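Q: Read off the chains here:
There are 2 protein chains.
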Amino acid sequence: MPSPFPSFKSKEALQALFRPSSVAVIGASTAPEKLGYQIFKNLLDAGFPGKVHPINPKAPEILGCPCYSNIDAVPDQVDLAVIIIPAPLVADTIRRCGSRGVKGAIVISGGFSETGPEGEVMQEQLVEAAQESKMAVIGPNCQGVNNPHHPLCASWPLLTRRGPVAVISQSGTVGAALMDWASQEELGVSTFVSLGNRADVDEADLIHYFAQDPNTETIAIYMEGVKVAPKFLEAVRQCQKPLVILKAGRTPKGRKAAESHTRSLAGRDEVYEGVFRQFSVHRANDLEQLYDFSKALSYLPRLKGPRLLIVTSSGGSAILATDVAEMTGLDVASLPDQVAQRLREVLPKHCIVGNPLDLTGDATAQMYRQVVEAAASHFDAIALIFGDPIPGASEVVGRDPLQLVIYLGGAEVERQERLLFHRKGIPVFPTPERGIQALSHLL
Amino acid sequence: MPSPFPSFKSKEALQALFRPSSVAVIGASTAPEKLGYQIFKNLLDAGFPGKVHPINPKAPEILGCPCYSNIDAVPDQVDLAVIIIPAPLVADTIRRCGSRGVKGAIVISGGFSETGPEGEVMQEQLVEAAQESKMAVIGPNCQGVNNPHHPLCASWPLLTRRGPVAVISQSGTVGAALMDWASQEELGVSTFVSLGNRADVDEADLIHYFAQDPNTETIAIYMEGVKVAPKFLEAVRQCQKPLVILKAGRTPKGRKAAESHTRSLAGRDEVYEGVFRQFSVHRANDLEQLYDFSKALSYLPRLKGPRLLIVTSSGGSAILATDVAEMTGLDVASLPDQVAQRLREVLPKHCIVGNPLDLTGDATAQMYRQVVEAAASHFDAIALIFGDPIPGASEVVGRDPLQLVIYLGGAEVERQERLLFHRKGIPVFPTPERGIQALSHLL
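Chains as they are written, first to last, in my numbering: chain A, 5 to 447; chain S, 5 to 447.
Just so you know, the hints here were simulated from the structure itself, not pulled from any lab data.
Misleading hints may appear alongside valid ones.
When the alpha-carbon atoms are kept at most 20 Å apart in a straight line, the in silico DMTMM-like pairs for lysine to aspartate or glutamate are as follows [claimed, not checked]:
1) 257/A to 290/S
2) 260/S to 366/A
3) 308/S to 404/S
4) 260/S to 335/A
5) 257/S to 335/A
6) 353/S to 122/A
7) 308/S to 290/S
8) 138/S to 83/S
9) 428/S to 189/S
10) 308/A to 416/A
11) 45/A to 184/A
12) 38/S to 416/A
13) 257/A to 335/S
14) 353/A to 124/S
15) 38/A to 124/S
16) 260/A to 416/S
17) 45/S to 122/A
18) 353/S to 335/S
19) 260/A to 83/S
20) 353/S to 124/A
21) 138/S to 96/S
22) 257/S to 416/A
23) 45/S to 184/A
24) 257/S to 384/A
25) 260/A to 366/S
26) 260/S to 273/S
27) 257/A to 384/S
28) 45/A to 366/S
29) 353/A to 122/S
30) 428/S to 404/S
31) 260/A to 273/A
32) 45/A to 416/S
33) 260/S to 124/A
34) 38/S to 384/A
35) 38/A to 366/S
36) 257/S to 377/A
37) 257/A to 330/S
Here are a few chain S residues that face chain A, going by a calculated C-beta distance under 10 Å [to be verified]:
38) 39
39) 102
40) 136
Note that this is a predicted model, so its numbers are computed, not measured.
Quick reminder that beta carbons are idealized off the backbone N, C-alpha and C, glycines included.
Please model the complete structure; the sequences and the hints are all you need to start from.
A: Here is the structure:
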């Protein structure tokens with residue numbers, strides 16, 4: 005009996021793309037404004053551990069590396085070809101790579117199915133070439149791959165920070181934005197894969213792969229439509245790690261734009277909603293939620309129950325947090341009497357002991373610790389809202405029970421503390437609403 | 005017939021608070037960790053144009069300024085007293101200030117109605133003292149006032165950037181967060197007022213004042229509850245400038261927290277919703293919306309109609325934008341045939357000419373300008389999504405028709421371009437969803 009869907013790409017096939025021993029950049033360039041230069045430079049600057057060969061018939065060398073006129077001229081074994089040449093040349097180039105033993109290709113070049121019937125034909129030829137050569141291909145029309153754990157930055161911009169989230173994106177820009185936010189916050193990613201037109205490797209292959217990848221805790225996906233529905237469903241069903249998905253094309257015109265962009269059926273949103281519910285996929289409603297939910301799910305444990313204590317230096321922020329908690333199924337439960345009594349003894353008299361617990365504007369980091377110690381055993385989570393420039397915040401936050409950190413209104417002190425928190429692997433959220441919304445996904 | 009509500013504070017009374025000629029800081033301190041030091045230093049560092057007198061009986065001088073033991077000892081006329089001393093001393097101090105001709109006071113000190121019955125009594129005494137002395141009082145229990153246009157930074161942290169948004173906040177932290185975001189983006193505010201307990205000056209006085217303030221284009225308000233309902237309604241009714249309001253305490257527990265925080269009735273959310281609709285108040289659902297909507301309403305003109313063209317280098321971002329546009333009443337209308345034809349002639353062949361119009365990943369700033377020129381007369385707004393590191397973006401964006409800029413996935417180039425845009429007074433939004441959501445408030 006034939007399989008009901010194409011099988012997943014093997015781990016070995018995908019490792020040639022994400023953990024190659026050597027790389028050829030076909031279409032490497034000496035012109036700094038060209039992607040063929042930028043990607044080649046990023047590979048070098050990120051510190052790729054093997055050999056990187058530029059291929060360009062017109063240049064003797066690029067950035068100090070001897071240049072070859074074609075893949076056949078490279079004297080060493082090449083695992084991965086990064087291809088940045090005009091679309092009409094790509095299929096043949098893949099065939100030549102295949103005959104040289106290259107195992108995988110990342111095709112950056114656009115000009116394929118996204119441009120119309122001619123491009124579709126070229127994309128079919130690309131697929132044929134890949135199948136004949138038994139090569140795994142990412143793209144075409146994509147922003148490449150970045151695995152900072154290898155490191156392999158066959159993408160742009162150059163980002164080298166390692167983290168626990170695998171970012172899989174049909175849109176290069178959406179992926180790059182997530183990468184950049186993570187990098188700015190010193191969080192990083194496990195791997196970024198820009199899928200592009202998905203001529204060969206698709207989102208299901210990657211869910212299946214990253215579900216087994218030891219560097220990946222959470223899988224964040226931006227998608228416009230599923231490529232092969234039963235294969236996607238099977239990948240999601242098997243995946244034991246949290247999946248966060250932002251599905252674009254929810255409205256009729258958005259769906260039409262998605263179908264035009266990806267040349268595939270985007271499908272009715274209700275169908276996606278049903279699937280996401282069935283398989284406990286965390287649905288993000290916008291780009292920031294995709295980022296926030298992935299961050300919470302990667303760095304924080306799951307909640308054992310809904311009981312939430314909110315501790316704050318900012319009464320207003322705590323009210324905003326309470327609203328979102330109540331709307332998302334968390335329980336801002338009463339502070340037990342004995343805890344309240346104990347806290348009234350140890351905290352300054354002007355603190356407002358309740359839930360939310362307001363330490364008021366002259367809160368110190370130490371007061372937060374006192375509250376956590378007194379209340380820990382009565383709550384499933386404690387949201388700590390630092391709403392002023394409170395130094396030392398990152399020194400008083402632990403992990404039991406779950407402690408969710410929100411930091412705002414603290415200017416330079418806040419920016420320093422956020423990085424200190426992140427270096428300890430404790431995520432910080434920028435507003436009460438975003439923090440509590442993310443927390444609710446740990447329920 | 006008596007007025008149905010307390011009258012608004014006069015312009016002169018509030019100018020003593022926002023544009024004083026001289027300031028005394030009562031409770032100025034020599035200890036850098038104390039607010040009495042930080043606020044005094046911020047006044048100096050922001051460049052307050054008049055005299056600033058520290059009042060502290062124990063210090064001979066603070067930061068090089070001669071210190072006085074009390075307000076009576078100050079030889080010059082003082083317009084504004086900033087008060088940071090224990091609550092039990094505040095009412096008497098206000099009375100002494102009044103008899104010395106001081107016109108306004110900002111009471112930073114906490115320990116009043118927010119702490120319980122004893123504090124409530126002290127707050128009543130404070131109000132009596134202010135009324136007897138005919139002084140306008142902001143606070144108590146507040147984070148002060150910052151008017152970078154004067155400049156007067158009687159608040160913290162030190163922020164000096166001028167902008168068109170007046171920020172009025174019952175929460176010091178919420179206001180400080182907005183101020184800090186604006187400052188980081190080089191946008192600034194017209195004035196920041198932390199209202200605190202609103203013993204005297206309330207949100208209605210400030211709406212009334214900033215509606216006439218020449219430096220203010222838009223009024224952004226964070227509130228937990230209205231102090232005097234008919235006065236608030238009258239202020240909102242009279243205000244001709246855009247009002248953006250984030251009202252916390254929407255859920256039962258959030259409302260309870262709000263009532264405890266502000267010691268006033270927060271009121272049912274449906275009532276606020278009705279009032280906001282009636283008076284075309286822009287309701288923000290979270291802190292980022294409060295910021296985004298105010299930014300759009302300050303820097304961009306109102307839309308003449310819903311017809312929106314989306315131009316992008318990132319197909320995915322454009323789909324996300326299309327979804328939000330469709331959900332918020334904007335119309336991602338078809339590109340007229342003659343415009344499409346013209347653009348197919350001038351743009352590279354691989355660009356996808358439609359709406360959204362996808363310039364694809366190798367878009368240049370110049371291509372965006374070509375699209376705007378060809379399509380300008382057919383749309384009410386053009387959303388320009390720069391979804392890659394596209395240098396020169398800030399040089400090609402104009403104001404006719406309305407051009408909404410979204411920039412993401414551009415790393416360092418994006419950060420540079422954002423500041424260049426902002427220096428030209430063109431606001432930049434960080435995601436397609438946030439940008440289009442804000443745009444819909446210009447309808």
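Q: Under the constraints set out in the numbered hints, which ones does this structure not fulfil?
A: Hints 1, 2, 7, 10, 15, 16, 17, 18, 19, 22, 23, 25, 33, 34, 36, 39, 40 are the ones this structure does not satisfy, whereas the remaining hints hold.
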